Amino acid sequence: MSIRIGTNSFEHRVQEGIKNDFMRGAVSSAQGRFRSGRLKAAEELGNWEDWRTLGEEIRNHTMENLDFYLQQLSDQVSKRGGNVFFAETAEEANDYIQNVIKKKNGKKVVKSKSMVTEEIGLNEALEEAGSEVVETDLGEWILQLDEDPPSHIVTPALHKNKEQIRETFAAKKGYDKTDKPEELALFAREQLRKDFLSADIGITGCNFAVAESGAVTLVTNEGNARLVTSLPDTQISVMGMERLVPTWEDLEVLVSLLTRSAVGQKLTSYVTSLTGTRLEGEVDGPEEFHLVIVDNGRSKILGTEFQSALHCIRCAACINACPVYRHVGGHSYGSIYPGPIGAVLTPLLDGYDDHKELPYASTLCAACTEACPVKIPLHEHLIRHRQIIVERENKAPKAEKLAMKGFAKWGSSPAAYKMSTKMARTALKPWTKEEKIENGPGPMKAWTDVRDFPAPSKQSFRSWYKTRKKGDEA
Amino acid sequence: MKVSLFITCLCDIMSSDVGKDTVEILEKVGCEVDFPELQTCCGQPAYNSGYLKESKGSMKQMLRAFKDSEYVVGPSGSCVAMLHEYPHIFKGDPNWEEAAKDLADKSYELTQFLVDVMGITDVGSNFEGRVTYHPSCHMTRLLGVKDAPMTLLENVKGLEFVELPVKEDCCGFGGTFSVKNPVISEQMVEEKTEHVTETGAEYLVGGDMGCLMNIGGRLTRNGKPVKVLHIANILNYQ
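Just so you know, the sequences run in chain order B and G. The numbers in the working numbering rise by one with no breaks, and the one at position 387 of the first sequence is 387. The numbers in the working numbering rise by one with no breaks, and the one at position 58 of the second sequence is 58.
Just so you know, these hints were derived from the structure itself, not from any lab. Nothing here was measured: the structure is a model prediction, and the numbers come from that model. All C-beta atoms in this analysis are idealised placements derived from N, C-alpha and C, irrespective of residue type, glycine included. Be aware that a few hints might be false.
[Claimed, not checked] Computed Cβ-Cβ distance ranges for the label pairs, DEER-style:
| hint | chain 1 | residue 1 | chain 2 | residue 2 | range |
| --- | --- | --- | --- | --- | --- |
| 1 | G | Met1 | B | Lys409 | 31 to 39 Å |
| 2 | G | Gly30 | B | Gly351 | 38 to 46 Å |
| 3 | B | Asn439 | G | Lys227 | 19 to 27 Å |
| 4 | G | Met1 | B | Glu43 | 36 to 44 Å |
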């Protein structure tokens, strides 16, 4: 898998999403829970807006000085016995990791949840090279067994119900019990425990790396990341090049924002910070540690008007607030990064050719921007994308371009505009019945397929105003 | 106080009653209202669709039209929020930057102007009926106007208010979104109308004609008896 999922068209994916009643019910209720949880957690913290501002400042400062902090991080990791690899592309990252595994003669890899490894298609690359890869986050494991992509960046299997999970477990792992969540979870634990104990390589993502110490911080609720990072002798953490904070103090702010915004928790059950390899005299830690820092298109975003998209801390608050996501679900976006942040990031990382519909999959209601804990102006980025699609990429539909040319003339000319206010009612008369239009002509059809269009006023405002003024003067 | 009316193209063409009510309310509270005829559209349909070049002509027309105005007041949170974007759009343009800042600084949505500028909380209207209110996204999130409409509605005599469930959710209008993504828009407006119907309100009130046309059009399509009114209609009702 890579950032792109599936080959169906956007329209097809949306139709499939809308037809999926179960998924929509699950997404809708999860959004409700996440949203109220987030608001409650924000209120409990107090001064939420100040926290958001602080979060934005930290992210902005980090991006403005990214070269410095990446160097500092790299120095610190090396100082503590770790190896650092900067991968410019997905292939470079995958090749490096394959080589590490090969050198260690590794057979089995256990992984904790990581979006960046989904993005670079690490699992497929490792499997092709002969490794057995096991996802150990429950949601990710379910998806891996079912060969299904994630539909959400925090709760990847949000679109699946317990019956579907039972079927997957039965078909792939010989599960023979009920669809009770407790039984399903117990089964997963038993299965995964064997994998943890027999794995030689542990691979994690990285919520935040701390530049001043070289620590990799993981935020989880299931505790699987602790097993991934404490049992296998060789550990590899993969991070997007923007996923770092300068100091421990900054980490505290961002973790506070992350857990509250993601799931409405003050803290997740586990916040794990890992610093380097096992040194002499220490009792735990890996023998070998590799930090893979992935660019994969990110440095192209730096210094552009989209730079703040790199501020994202992957909390999914924008996804949980998005009414479009609620109705179409994550797979409709055709990217492992769905929702508003996905619509912003995906074309930046993977180009417009396959993702040109995403920036339009928003009403620009700005619920995403309002929810974002680090104040990324998501809806403004979507407008910027639209401008690029129209002007630079020249991918807008012809009819739309023509209509907008018409708009430009109409809006710049008070005379043409005035004429239209006079003519609108008459022009629409053939389609008007009882002061409404049920089957509109041309571009109006898309509107009237779904809802009625009202008949224009009998007299435009400006003509009423003129008559009234004359009356006053008389 | 001298106020220039920013009618918005939707109200000018589709709902002139909203314009009339806005003028009458402003006059009632002591404003001297004028209507600069050079105004056209705020440019939002083109701007939000990615047509920056095609939107700027409208914007410049608005800047010319309201050049000498003291206050500019319009019956739409979304269109006024668009005027507030002008300084950002014309930043660095020596011919228009100042004018854009000036217009943004003196532009207000109707209820915002009444409550925040004039300090009025009761416009003295009477309206018998059970009413629910949809706070439109651009009015609340982009313009930051959340309380003013509620303050004014609370003081309308005879009005029985019922809260709209999940009121902050978008209705699915989104300007050109409604015709570019009609399938998704339909789901969103359907959900919104379900919430409206749930309240048992006789009237749905809002401050943005675009959203009201969307929700109202779906309500009539589904044969629902809920009537849709702009907040200016209510505030000017006796």
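Could you check the hint for me, namely that methionine 1 of chain G and glutamate 43 of chain B are 36 to 44 Å apart, CB to CB?
-> holds (38 Å)
Is it true that methionine 1 of chain G and lysine 409 of chain B lie within 31 to 39 Å of each other by Cβ?
-> holds (35 Å)
Mind checking the hinted window 38 to 46 Å against the Cβ distance between glycine 30 of chain G and glycine 351 of chain B?
-> violated (57 Å)
Could you check the hint for me, namely that asparagine 439 of chain B and lysine 227 of chain G are 19 to 27 Å apart, CB to CB?
-> Hint holds: Cβ distance 23 Å, inside 19 to 27 Å.
The earlier numbered hint that this structure contradicts is number 2, and it is the only one.
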